[in-house]
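Trainee: Residues per chain are reported as follows:
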Amino acid sequence: MKHLLAALVVLFSAMSFAADVRFDDPRQQARYENLINELRCLVCQNQTIADSNADLALDLRNKVAEQIAAGKTDAEIIGYLTARYGDFVLYRPPVQANTLLLWTGPLLLLAAGLVVLTFTLRRRARLDDDTENPS
Amino acid sequence: MWRFAIPLLVVVALVAAFARALFLDPGKVPSPLIGQPVPAFSLPGLHDPEETFSDDDLKGHISLVNVFGTWCPGCHEEHEVLMRWSRTQDVPIYGFNLRDERDAAINWLERDGNPYAKIGFDPGGETSIDWGIYGAPETFLIDAEGRIRLKHIGPLTDAVLRERILPAIDMLRGERS
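Going line by line, the protein sequences match chains C and X. Counting from 1, one number per residue, gives the positions in the first sequence under the numbering used here. Counting from 136, one number per residue, gives the positions in the second sequence under the numbering used here.
Hints were generated in silico from the structure; no laboratory data involved. In this text the structure is predicted, and so the values were computed from the model without any measurement. Treat the hints with caution; some may be incorrect.
What the hints assert, rightly or not - Only pairs whose alpha carbons sit at most 30 Å apart, straight line, appear in this in silico DSS-like list of lysine-lysine:
1) K63/C - K286/X
2) K163/X - K194/X
3) K194/X - K286/X
4) K194/X - K253/X
5) K163/X - K286/X
6) K63/C - K253/X
7) K63/C - K194/X
8) K63/C - K163/X
Just chain X, with the same shape it has in the complex (with noise of 0.2 Å):
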C-alpha cells in the first residue's frame, strides 16, 4: 500500500507547488525598501526645471508616487484612474516621469489632463535606481513620516485602489489617531 501511496503523495505535492507557481507573477518582485524612508533625491520638476521635487515634499502627509512615463502603455491604462483619483481623494498623487522626453510628457498632461500635485523629471533614470524602480508604471504608498509603506507595480486599477490602496491608507490614518 505505501509502495503506491508515497510516490502519489510526492506527484499530488510537485502538481500543488507547480501549479501555485504557474499563478504567480515573477514581475513582482517584492521591495526591501518597504518600511524605509524614502530614498533623499532632488529632481528637477516637469513643467519648470527650475521648480524641484524632493523627499522633503514627500514628508508630513500622506501620498503616493506615481512612475510614469509617456513610452508606457500601463501609464496611459492607468491615466483615467490617476485622473478619477486626483479628483476625488485627499491623497496626492506625485509623479515620477522616468527616462522620458519633457515635450512629450508635458504634452500628454495637457490633453489627457494632470493627475499629479508635483512631478520630477529623471530622464537618465538615476534617482529611479534608489528607489529600487525597474519599469513603470509602479506605485508607492507614503506615510506622514515620509517613509515607503506600499508597493504596487502594474497599472493601477478600481479594484486594487478598493481591494490595497485605500484599506492602507486607512491604516496609516488609524496608526496616527
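Excised from the complex, chain C in its bound form (with noise of 0.2 Å):
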C-alpha cells in the first residue's frame, strides 16, 4: 500500500509540472494553461507543450509566458511559433489548401459510405421483390 502510494505521488507530481507557470490574473492563467495545450513539442510530437517535459517544451512554454506577459494576444503568439516552427507546432490544423483533405476526408469518406449503402439496399430490396413475385 505504502509503496503504491509513493508511485500516485510521483506520478502525480510529473503530472502537475506543467503548473510551472503562475500568473496573478487569472484570465492570463487560463490563456496560458489553453495555449500550451494548443502546441505540439516538436521533439516528442505526440504530446503538447503542456504534457512534454523535453526541454524544449519548457523552453516554449517560457516563451509562451513571456509573451502573455509582454501583452502579446493569442493570435500573435501562434503567429510567432508558426513563423518559426511550421503549422506543425498547432494541434489543430488551419483549414487551407493542403490540408483540405485531412479535414473533408472523413466526411468524404462518410458519403461514400452513405451512396453505396443507399446502391446495396435498394438493390437487396430489388432482388426481394423479384423473388417474392416471380414472374
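Mind assembling these two chains? They're in different frames, but the hints should get you there.
Mentor: Dropping the structure here:
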C-alpha cells in the first residue's frame, strides 16, 4: 500500500509540472493553459508542450508565458511560433489548401459509405421483390 | 466486374499511401524559415564570453551553422565529418552550442578537435526558438546575403554532404557569379 501511494505521488507530481508558470491574473493563467495545450512539442510529437517535459517544451512554455506577460494576443503568439516551427507546431492544423483533404476526408468517406449503402439496400430490395413475385 | 475492381483499387491506393508514410521520417519537419534572413541574434562566445556570435557574422559569405551539444549522441556521431569538412572545405562552420555546460563543451572540443570558426553559447535555448531549432544536431546552410537556404535535421554524413549540402553550395555560388 505504501509503495502504491508513493508511486501515485510520483506519478501525479510528474503530471503537474506543467503548472510551472503562475500568473496573478486568472485570465492570463487561463490563456496560458489553453495555449500550451494547443501547441505541439516537436521533439515528442504526440504530446503538447503542456504534457511534455522535454527541454524544448519547457523553453516553449516559458516563451508563451513571457509573451502573454508582454501583452501579446493569442493570435500573435501562435503567429510567432508558426513563423518559426511551421503549422506542425499546432495541434489543430488550420484549414487551408494542403490540409483540405485532412479536414474533409472523414466527411467524404462518410458520404461514399452512404452512397454504397443506398445502392446496396436498393438492389437488395429489388432482389427481394423479384423472389417474392416471380414473373 | 466493377464491383471488385473499385474496392481493389481503393485498397491498393491505401496500401501505397501507408507504405510511403512508413518511410517518411516524422522528425523531419520542414522549416518555414527557408529563404528567410537569419533571425537577429547575439550570443556570447563559448570559449570567451566577452566575444559575441551574431547574425552579422553570417553575412558576406556562404556558411554552415551547426547546432550541437555534448549531451547529443548524434553530434558525437557527426563530429568526425565536421572535422574533415573544416580541413578540406572553405565554407566555414559556425557552432551553435545548445543547452550545454560551458566546461563540458570546451573539454570535448579540446579532446576531439574544434571544427567551428566561431561558437555561440546558448545554455537556456532562448535564441534557438527564434531559429526554429528543436533538437541537435541540426545544420543550416546560410547564403552570402545571410539568408537560410537549407536545413538538415540529424547527423551530417558524407552522403548528406555529397548529395545535399555540396550541390546546394554549388547552386549558391552559381547564383552569385
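Trainee: Evaluate each hint against the coordinates.
Mentor: For each hint, the structure was consulted:
At most 30 Å may separate the alpha-carbon atoms for a hinted pair to count; K63/C and K286/X meet this at roughly 23 Å. Restraint check for K163/X and K194/X: the C-alpha separation of about 27 Å stays at or below 30 Å, so the hint holds. For the given pair, K194/X sits about 17 Å from K286/X by alpha-carbon distance, which is consistent with the 30 Å threshold. With a C-alpha separation of about 14 Å, the suggested pair K194/X and K253/X falls inside the 30 Å cut-off, and the hint holds.
Annotation: proposed proximity of K163/X to K286/X holds, straight-line Cα distance about 10 Å (limit 30 Å). At roughly 27 Å between alpha-carbon atoms, K63/C and K253/X fall within 30 Å of each other, so this suggested pair holds. At roughly 28 Å between alpha-carbon atoms, K63/C and K194/X fall within 30 Å of each other, so this suggested pair holds. The hinted pair formed by K63/C and K163/X meets the criterion: a straight-line CA distance of about 23 Å does not exceed 30 Å.
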